[in-house]
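Asker: One line per chain: the protein sequences are A and B, in this order.
Taking the working numbering, the leading residue of the first sequence gets 462, the next gets one more, and so forth.
Taking the working numbering, the leading residue of the second sequence gets 402, the next gets one more, and so forth.
One should not assume that every hint holds.
Covered stretches of chain A (in silico footprint by chain B; criterion: 3 or more residues with CB under 8 Å from a CB of chain B, positions within the stretch not fixed) [stated by the list, open to error]: (1) 645 to 653; (2) 673 to 683; (3) 717 to 726; (4) 739 to 751.
Simulated DEER-style distance windows between Cβ atoms [to be verified]: (5) A/P617 <-> B/G439: 44 to 52 Å; (6) A/N731 <-> B/G479: 40 to 48 Å; (7) A/T574 <-> B/T594: 31 to 39 Å; (8) B/G439 <-> A/E708: 35 to 43 Å; (9) B/L715 <-> A/R481: 53 to 61 Å; (10) A/F787 <-> B/K663: 36 to 44 Å; (11) B/K478 <-> A/E768: 56 to 64 Å.
If you are wondering where the hints come from, they were derived from the structure by calculation, not from laboratory data.
Here a beta-carbon is modelled for each residue, glycine too, at the ideal position from N, C-alpha and C.
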Amino acid sequence: MNQATNNEILKIENLKKYFRIGKDKRGPIFVRAVDGVNLNIKFGETLGLVGESGSGKSTIAYTVVGMYRPTSGQILFKDKKIGMEAAKRPLSLKREIQIVFQDPGSSLNPRQTIEQILTLPLRLHTQTPKRQLREKMVELLEKMELSPDYLYKSPPSIGGGEKQMVAIARALAPNPSLIVLDEPTSALDVSVQAKIINKLMDLQKELNLTYLFITHDLSLMRNIAKRIAIMYLGKLCELADAVTFFEKPLHPYTQMLISSVPAISEEEENLKPKKVVSIGEIPSPVNIPSGCSFHLRCPYKMPICSEVDPEMIEVFSGHIVRCHLFSKPENE
Amino acid sequence: METKENVLLNIKDLHVWYRVYGGYLKVLNGVHLMVREGERVGLVGETGCGKTTTMKSILQILPPGDFHIPQGQIFYKGQDVLKMSFGELQRLRSREIAMIFQDPTAALNPVFTIGAQIGDVIKYSIALEEKKVHKEKIKTLSARALKEAYLPDPERMLVNYPLQLSGGMRQRVCIAMSISSKRNLLIADEPGTSLDVTIQDQILRLLKEIVEKKGTSIILITHSLGVAREMTDRIYVMYAGTIVETAPAKTLFKNPLHPYTKGLFASVPKISGGGIAKGIPGRIPDYLNPPSGCRFHPRCEHASQICMEKPPQLFEIEKDHSVACYLAQR
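In isolation and in its complexed conformation, chain A is listed as follows:
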């Protein structure tokens, strides 16, 4: 048991996060943003967490770094239970888990220079003496392929891609072991995205980092993630390694997602599951449909789907899916 968990850097167990948004006669109304998620991340891997807006993927990211206090469930980091709030976590733990946000325009303070932005994490987490600070910062910028004169620039005067590079440098400053990337490239153009992704992949190899990569872009995950987890309305639908994921998608929602990706070649076109065409819309997380939350949009809907919420089933080794199609009765 102990050996099996040894190679996991982060383990999320039955995580729930409900937001109270009001109340009516029957009691308070909750948005069930994350509703019972189990997830583990191994050392040195990239786990892609994919979902559409409102699926709860960012909520998971924020809970992992301690910005939200979950309603229930726990998080194990390097086999140790960790506090749920950033305020209750020791500094050494905060140093190890860093985050890069989606929009560098609002995650970097526009009134600070890059030098000021990088000073705080360096002073706080690493005991760098004052006279070595500058050296350290130049080193960080060089790692991100930015010239040292960027130290005296402020975020509004540099481009979107460069801003994100600075945000990554800030996350790298305290030498973390796990970085949560919350859609780091979705606000950027593809040519800039390619540059940043390549940089991130190089850094991962060089510094032995683990990434929890949150995105809505499936095709990007195909190229960089080792394993992919799909979320729909606060729950996981499917979890598998990246290659099988695209060759053998099991969950109807995954198939719908893959078939919705605009393809740029014939070869890709052939990979798309043809039968599942996108219909319907994502229901509001306030009124999650009964049973399987996807049943309203599912082309393979069965009577049981609207009544019973399916369990996570391991269909093949390491390939987990939450769908009644695969929970055939034992008498078969």
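For this one, chain A is given, so just place chain B on it according to the hints.
Answerer: Coordinates of chain B only, in the frame set by chain A:
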């Protein structure tokens, strides 16, 4: 070669500048674009390359007073839009060309009902021919347009406000608005970008169906090569205010010639895997002082002396496939 009749829109050497503190932003620098009747044309480029400016200049809805068009012509059905009177422009906007914007939330007015907003579009497009328009007729026409965009329960939706609908439904309303009266050209400015992938897929399929059914021409602006490939017949690739390459969709994907197009292709992550290329170094130029010669030369690995001196003109390699690059001309 095509006869003059079936060319619907022809933009020739269009330059658009914006007036700002400290000079002019030279955004468009010689755009050539042509749309035939019933054709689906894609305009692909990255953020800030001037796609939307081009489209807004067709309809003359650029911010008033802040722009300057030093040269260029926009022919719509043989008539120069830049020389049209106000009345003619109004007719162009209400009868001929419709535009669908990127963000449906910003495109719809939150304080008027859907019915009132679609009703206005219909009223002003009919009013040019019929003096009096009956309220009932407007209502049935609006409901029919909503139904064509596959919105459930169109009659009830007419009294809803935009904020009562989801993002995907709002975009459907915008599409319904653009097809509520007959148009010859539809300009769709990134119609799915602000939506989720599965919803974007639905919206694009709807647009494709409508265009095919009605035989309308469409200009689809997008930054996604995949969307352009699935939706259009011919594609223009734009970089920093110039068209760098144009070709039929199939040719472009098989044989891209301009270094920028090639870089763009390599940057797109593929669902068949294979990693991601290095991307294109540098970033889009400053329009206040754009680079001399070819605007792509500071980022181009093949740049030579001539690229810095003289901007390359579009050069026809084969029918419909033109490239603005000295490499291809050799």
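Asker: Evaluate each hint against the coordinates.
Answerer: Hints and how they fare:
1. Counting residues of the region 645 to 653 of chain A whose beta carbon lies closer than 8 Å to any beta carbon of chain B gives 4, which reaches the threshold of three, so the coverage claim holds.
2. Coverage of the region 673 to 683 of chain A by chain B holds [criterion: at least 3 residues with CB-CB distance below 8 Å; count 6].
3. For the region 717 to 726 of chain A, the stated coverage by chain B holds: 10 residues have a C-beta nearer than 8 Å to a C-beta of that chain, and at least 3 were required.
4. For the region 739 to 751 of chain A, the proposed coverage by chain B is satisfied: 4 residues have a C-beta within less than 8 Å of a C-beta in that chain, meeting the threshold of three.
5. Between A/P617 and B/G439 the CB atoms are about 45 Å apart, so this pair conforms to the stated range of 44 to 52 Å.
6. In this structure the supplied range 40 to 48 Å holds for A/N731 paired with B/G479, their Cβ-Cβ distance being about 44 Å.
7. A hinted range of 31 to 39 Å holds for the C-beta pair A/T574 and B/T594, which are about 33 Å apart.
8. Against the hinted window of 35 to 43 Å, the Cβ-Cβ separation of B/G439 and A/E708 comes to about 39 Å, which satisfies the hint.
9. Taken as a hint, the range 53 to 61 Å holds for the pair B/L715 and A/R481, whose Cβ atoms sit roughly 59 Å apart.
10. Roughly 43 Å separates the CB atoms of A/F787 and B/K663, a value that falls within the hinted 36 to 44 Å.
11. Distance hint check for B/K478 and A/E768: the Cβ-Cβ separation is about 59 Å, which falls inside the suggested range of 56 to 64 Å.
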